[in-house]
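**Student:** Read off the chains here:
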Amino acid sequence: MKKEMHDNIIQGKINSLQEIPAGISFNAAKSWQQLEKQLQPKQKKNIIWFYAAAILIAAMLISGLIYYNNNSSTSIKKETVLKGHSSQTGNTKSVVLKNDKAKKQSKKASIFIPHQKPISIDKTIIVEDKIKLDSVVIIETALQNNSIAINQPTEAKPLVEKTTTKNVPAKSKFKIVHLNELNTPQPQIITLSKKAGLEEIMYKTGSSNPETETRNNIKLFQLQRNQNDAPVSITDNP
Amino acid sequence: MEFIQLLKECRKGSITAQKYFYDHFAVQMFLYCRRYLKTNEQAEEVLQNGFLKIFTGLIDFTFLNEAATVGWMKKIMLNECLQEIRKRNNVLSIADEIDENIYVENEVAIEKLSADEIFRLITQIPVGYRTVFNLYVVEGFNHKEIAEMLKISEGTSKSQLSKARNLLQQLIITRNMVYEERNAR
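So the sequence lines, in the order shown, correspond to chains L and Z.
Read left to right, the first sequence gives residues 1 to 238 (the working numbering).
Read left to right, the second sequence gives residues 1001 to 1185 (the working numbering).
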């Protein structure tokens, strides 16, 4: 009991102590300076980590953008093989393009040819590393200029799709005719018939094309000459 | 500035607020540490570490009132002190001999002593005894708790407390004798 009383006295007196007793020294300012040194580097470290994280995120964003741009504008780089191909029409050639990213497919694309109007292509054909296009001339020109660019990003679909190209038809130009020319009489059509099974040639006398006219005249002359004395009838069909 | 506002500023990392906070509690916490540790330098070192942990721990600290905050700070300081004591092997592992009878009660002498004098007398007790004395008498822990904290047996805790009381008593008697001699002259 008395011990507890003593303990309470000691406890009360110790806890009420607010000033440093004589014989005990404490330099609060010096101690704070040392503590401040320990506090500041931590904050600096935090700032450094913050900047490092920001730089990392920025780098990731930039690399992501570059990767995205590379994917979106697919450049046909590596192997470009041009093969002459006789199709069913006989007038077309097929162009085979091998690309490392050929399995990707684009729904809408455009082919840009310098010094020419861009031609829109609804779909680009990519069939197992091969691109076949009907418009050979355009592709050939584009390959020579190394300027095929597919603008739309591709969707990675494993399935092979067959697509067609569609050229925008050029506007037909009408001949500019003077009003007085419309009143002129209908041109005479001369039919050259050849006795020895020669094909008939329909010739428009009113044609303004001097080359055609000259060519036909030469043909006519040659026919007469080749057939020697074979009779050639020239009939006027009004 | 209100105490809670001060804590918020310290939590944000404001050096000015931390300085203000430190100035407000430095002496109190230094005396707290000095009661456990042997020298002023050790106490200062532990004080710095303790404040560092306090400023770091403010992020997770939930404010109730100022008294609870001071209690939380004292707990941090106590852990730092005990860690320092363990590091320096200052806890004496004495055999479980309980010699409570040695203690000579001198109620009047203790009552006459000032807070400063009691503090100085406690700091003169060896660290091993002093630790148990501080934990039991000043902090109010029981022997079981002290045994767990210091990783000693309850008997050792009781023994060390008894020795600490005895030593304190002897110190008080010595001090009174010196005081009486001075007065006699």
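Take these hints with a grain of salt, some might be off.
Unchecked claim - DSS-like, lysine-lysine: derived pairs with alpha carbons at most 25 Å apart:
(1) Z:1053 x Z:1038
(2) Z:1075 x Z:1087
(3) Z:1087 x Z:1074
(4) L:3 x L:13
(5) Z:1151 x L:37
(6) Z:1074 x Z:1151
(7) L:13 x Z:1008
(8) Z:1008 x L:37
(9) Z:1087 x Z:1019
(10) L:3 x Z:1144
(11) Z:1158 x L:37
(12) L:3 x Z:1158
(13) Z:1053 x L:37
(14) Z:1038 x Z:1087
(15) Z:1112 x L:2
(16) L:37 x Z:1112
(17) Z:1012 x Z:1087
(18) Z:1112 x L:13
(19) Z:1158 x L:13
(20) L:3 x Z:1019
(21) L:30 x Z:1112
(22) Z:1053 x Z:1074
(23) Z:1038 x Z:1012
(24) Z:1008 x Z:1053
(25) Z:1151 x L:30
What the hints assert, rightly or not - Pulled a few chain L residues facing chain Z out of the computed Cβ check, cut under 10 Å:
(26) 14
(27) 15
(28) 54
(29) 69
(30) 70
Hints were generated in silico from the structure; no laboratory data involved.
C-beta: ideal position from N, C-alpha, C; glycine also.
**Student:** Taking the hints in turn, state whether each one holds.
**Tutor:** For each hint, the structure was consulted:
1. Z:1053 x Z:1038: The hint holds at about 22 Å.
2. Z:1075 x Z:1087: holds (18 Å)
3. Z:1087 x Z:1074: holds (20 Å)
4. L:3 x L:13: Holds: residue 3 (chain L) and residue 13 (chain L) sit about 15 Å apart, inside 25 Å.
5. Z:1151 x L:37: violated (34 Å)
6. Z:1074 x Z:1151: The given pair, whose Cα atoms are some 20 Å apart, holds under the 25 Å limit.
7. L:13 x Z:1008: Distance of about 32 Å is beyond 25 Å: violated.
8. Z:1008 x L:37: Between residue 1008 (chain Z) and residue 37 (chain L) the Cα gap is close to 21 Å, so the pair holds against 25 Å.
9. Z:1087 x Z:1019: violated (29 Å)
10. L:3 x Z:1144: Holds. Residue 3 (chain L) to residue 1144 (chain Z) sits at ~19 Å (cutoff 25 Å).
11. Z:1158 x L:37: violated (42 Å)
12. L:3 x Z:1158: holds (14 Å)
13. Z:1053 x L:37: Roughly 14 Å between the alpha carbons, so the hint for residue 1053 (chain Z) and residue 37 (chain L) holds.
14. Z:1038 x Z:1087: holds (13 Å)
15. Z:1112 x L:2: Satisfied, since the Cα-Cα distance of roughly 16 Å is no more than 25 Å.
16. L:37 x Z:1112: Violated, at about 44 Å.
17. Z:1012 x Z:1087: violated (33 Å)
18. Z:1112 x L:13: holds (11 Å)
19. Z:1158 x L:13: holds (23 Å)
20. L:3 x Z:1019: Violated, because 41 Å separates the two Cα atoms, which is more than 25 Å.
21. L:30 x Z:1112: violated (35 Å)
22. Z:1053 x Z:1074: Roughly 12 Å between the alpha carbons, so the hint for residue 1053 (chain Z) and residue 1074 (chain Z) holds.
23. Z:1038 x Z:1012: Measuring from Cα to Cα gives roughly 35 Å; hence the hint is violated.
24. Z:1008 x Z:1053: holds (16 Å)
25. Z:1151 x L:30: violated (35 Å)
26. 14: holds (5 Å)
27. 15: Interface hint status for residue 15 (chain L): holds (7 Å vs cutoff 10 Å).
28. 54: Where the cut-off is 10 Å and the nearest Cβ of chain Z is about 19 Å from residue 54 (chain L), the hint is violated.
29. 69: Violated, because the Cβ-Cβ distance from residue 69 (chain L) to chain Z comes to roughly 41 Å (cut-off 10 Å).
30. 70: Violated, about 43 Å.
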